[in-house]
Each structure stands twice: as structure tokens, then as C-alpha cells.
Amino acid sequence: MAFSQYFKKRSFTFKSFLRDFVRIMKKNSDIRDTMKSERVSKQFRERIMLAVTAVNGCRYCEWGHTKAALNEGCSEEEVEQIMTHDFGSCNPDEVVALAYAQHYAETEENPSPDAWKRVVNFYGEEKAKDIQILIEMITMGNLLGNTLDAFESRLKGIPPENGSLFFELFLYSLALPFVLIFNNRYEKWKKLNNPHPDLQH
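Quick note: the sequence shown uses our numbering, first residue 70, plus one each step.
Calculated from the structure, these hints are not laboratory results. By construction, the Cβ of each residue, glycine as well, lies at the ideal position given by its N, Cα and C atoms. Possibly wrong hints are sitting among the right ones.
Here are the in silico distance ranges between beta carbons for each label pair [stated by the list, open to error]: (1) S110 <-> F239: 32 to 40 angstroms; (2) K96 <-> E175: 20 to 28 angstroms; (3) N253 <-> D183: 39 to 47 angstroms; (4) E230 <-> S98: 35 to 43 angstroms; (5) E107 <-> S144: 20 to 28 angstroms; (6) K77 <-> F235: 15 to 23 angstroms; (7) K84 <-> E146: 37 to 45 angstroms; (8) S106 <-> P246: 32 to 40 angstroms.
Please put together the full structure from these sequences, using the hints given.
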């Protein structure tokens, strides 16, 4: 059945979720090491999370990581600029990673070898691995959030073009209490903060 409109944000099918879930689980020890180490500061982590979220458009992650970034000491102006793909106010030492994070999301997890090589050359292999893990973690979070919104959009007659109704329904059923609470808080936050219109649902 053809529709005149489709939900545009990237979201999961069961197959793509399983693929990414298995990949993340295989890196469980690396994830623990990345999160415990100070190789990537908490502020830097949040900037990476926001750079990816700005592309994937997950409103759940936008809300959560905007708050986290501000709590870690990032300025509102800096957060706003990252969410509009502008890294001009960011620490110059972080721009290579932020540009790579944006590129990774824009290419739907298929970055160019040259882009990855720049990250490794600039930060070294260990820190570059941390950056990659953080990007993969937030990408999975973004797509899970977008899958919840894909189901809500489907109910309004605008489904994802290559979505999975049964997986969306399953995930939405599990997350329903959270979604109801979030929608209420997000609407209030949106009115108070006038966040990024391109991420609004």
C-alpha cells in the first residue's frame, strides 16, 4: 500500500535492531572501559551524543542529552549550535570527533575510511575507539527513540517507508508508561525552551 507521506527519521526493524544489539553486546567490556576511563571527558561525551542526535532527530535523546550537557557545564549557546550542526564554539580539540560523529550519522553508519583515519591520527587508537563506541551507543538510542515515534506516526497515517509494524508495536507496548510521561514533560520543556524545530515530533 502506497502512502503520500512517510515518517522520515531512521528507525529500527526487528532485523536491524538485532544486528545493532548483538554488535553492542559484543563490545560490552569495551563500553565499560570507555565509560570508566577519563580519556573522553563527560562534557566531550555529551557533545558527541548531541552531534549524532542532531542528525538522527531523536527527541528523547535531544531532551535527555541537552539536560545532561548543561549539567556537565556546557553552555546553552554551545548546545544550540551543536544541534544545528555548528561546532564553531566547541573546543578545537573536539571538532574532529564531532565532525566524524555527524558524518557517521549522515552516512547511516557508513563513514568513509579517510574520516575514520583522521580520528585515529588525531586522537590515537585508544581514544578513537572510545569515540566510536560512544557514537554507536547513541545511534542505537536514537533509533530506538525514533522507532517509538514511528509507531505514533503510523497511527496518524504516516508510517516509516521501510518500518516494521510488529516490532514498533512490541517496543511501544514495552515503553508506553515512559512515552506517556515523556510526552507530557517534553511538551512543557518545548514551550519553555523553544528547542530545535527540526527535531520536534
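Hints versus structure:
1. S110 <-> F239: 32 to 40 angstroms: holds, 37 angstroms
2. K96 <-> E175: 20 to 28 angstroms: holds, 22 angstroms
3. N253 <-> D183: 39 to 47 angstroms: holds, 45 angstroms
4. E230 <-> S98: 35 to 43 angstroms: Since E230 and S98 have Cβ atoms about 37 angstroms apart, the given range 35 to 43 angstroms holds.
5. E107 <-> S144: 20 to 28 angstroms: holds, 22 angstroms
6. K77 <-> F235: 15 to 23 angstroms: Hint holds: Cβ distance 21 angstroms, inside 15 to 23 angstroms.
7. K84 <-> E146: 37 to 45 angstroms: Given a distance of about 41 angstroms, which is inside 37 to 45 angstroms, the answer is holds.
8. S106 <-> P246: 32 to 40 angstroms: holds, 34 angstroms
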